[in-house]
Amino acid sequence: DDAQSLNTRTVTARAEVSTGAMYRRFSSRAELLRAILVDEIQSERYAWSREMIEALTGDDPLNRVVDVIINAITPLYDDRATQSLILELTIAARTESTVRDQLIGQILAAVQARSALFARLQERGGVTEAIPPEAMAWLFQAPPIGARLLASVAPRPPDETIRSGLTWIASALLNTSEN
533 DDAQSLNTRT VTARAEVSTG AMYRRFSSRA ELLRAILVDE IQSERYAWSR
583 EMIEALTGDD PLNRVVDVII NAITPLYDDR ATQSLILELT IAARTESTVR
633 DQLIGQILAA VQARSALFAR LQERGGVTEA IPPEAMAWLF QAPPIGARLL
683 ASVAPRPPDE TIRSGLTWIA SALLNTSEN
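Residues in the sequence shown are numbered from 533 upward in steps of one, following the working numbering.
Hints in this document: simulated from the structure, not taken from any laboratory.
No incorrect hints appear here.
Computed spacing ranges between beta-carbons, pair by pair:
hint, residue 1, residue 2, range
1, 700, 651, 21 to 27 Å
2, 664, 547, 39 to 45 Å
3, 559, 660, 42 to 48 Å
4, 547, 626, 25 to 31 Å
5, 639, 553, 25 to 31 Å
6, 626, 558, 14 to 20 Å
7, 591, 637, 32 to 38 Å
8, 685, 656, 36 to 42 Å
9, 686, 554, 29 to 35 Å
10, 656, 556, 45 to 51 Å
11, 595, 545, 43 to 49 Å
12, 544, 656, 48 to 54 Å
Small disclaimer: the values here were computed from a predicted structure and weren't measured.
We put the beta carbon where it would ideally sit given N, CA and C, even for glycine.
Construct the entire structure; sequences and hints are all you get.
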């Protein structure tokens with residue numbers, strides 16, 4: 533369902549909890565939205581990282597890395613519920629410091645985990661040493677976040693545009709001759 537239509541009755545019915553229990557756990561609608569999104573981001577992050585490791589350490593890492601990112605971002609253009617949650621969370625983060633701090637914490641945790649991954653891969657010669665691991669983590673973090681925000685306000689770019697842009701970025705990070 534769309535985040536705009538999210539109401540107490542729907543949430544409590546789906547969660548099979550009382551309205552009182554929901555209000556004891558979440559002090560505001562923004563906090564509830566944040567919890568939903570954080571749960572989604574955490575599970576997504578681990579699956580995405582596992583797929584990225586497999587792509588980076590397997591045959592044809594450039595194309596496999598691009599495929600992993602494309603597979604992570606293209607469904608977001610059709611996922612109206614997540615798009616609405618992202619917009620609601622962005623609005624809440626602008627005005628509510630707790631939501632903003634928790635969202636920043638999630639993003640920084642993802643970047644830290646990916647930085648460690650890229651550092652290990654650099655030690656094994658799997659990715660270029662010319663780019664610091666933290667910079668690589670931010671570059672790989674940006675497409676899914678950007679796609680979530682753009683999907684809610686802009687039409688989906690052509691697949692070839694997405695693929696060529698991501699190929700260029702991944703090629704630079706992997707130190708291949710494709711760029």
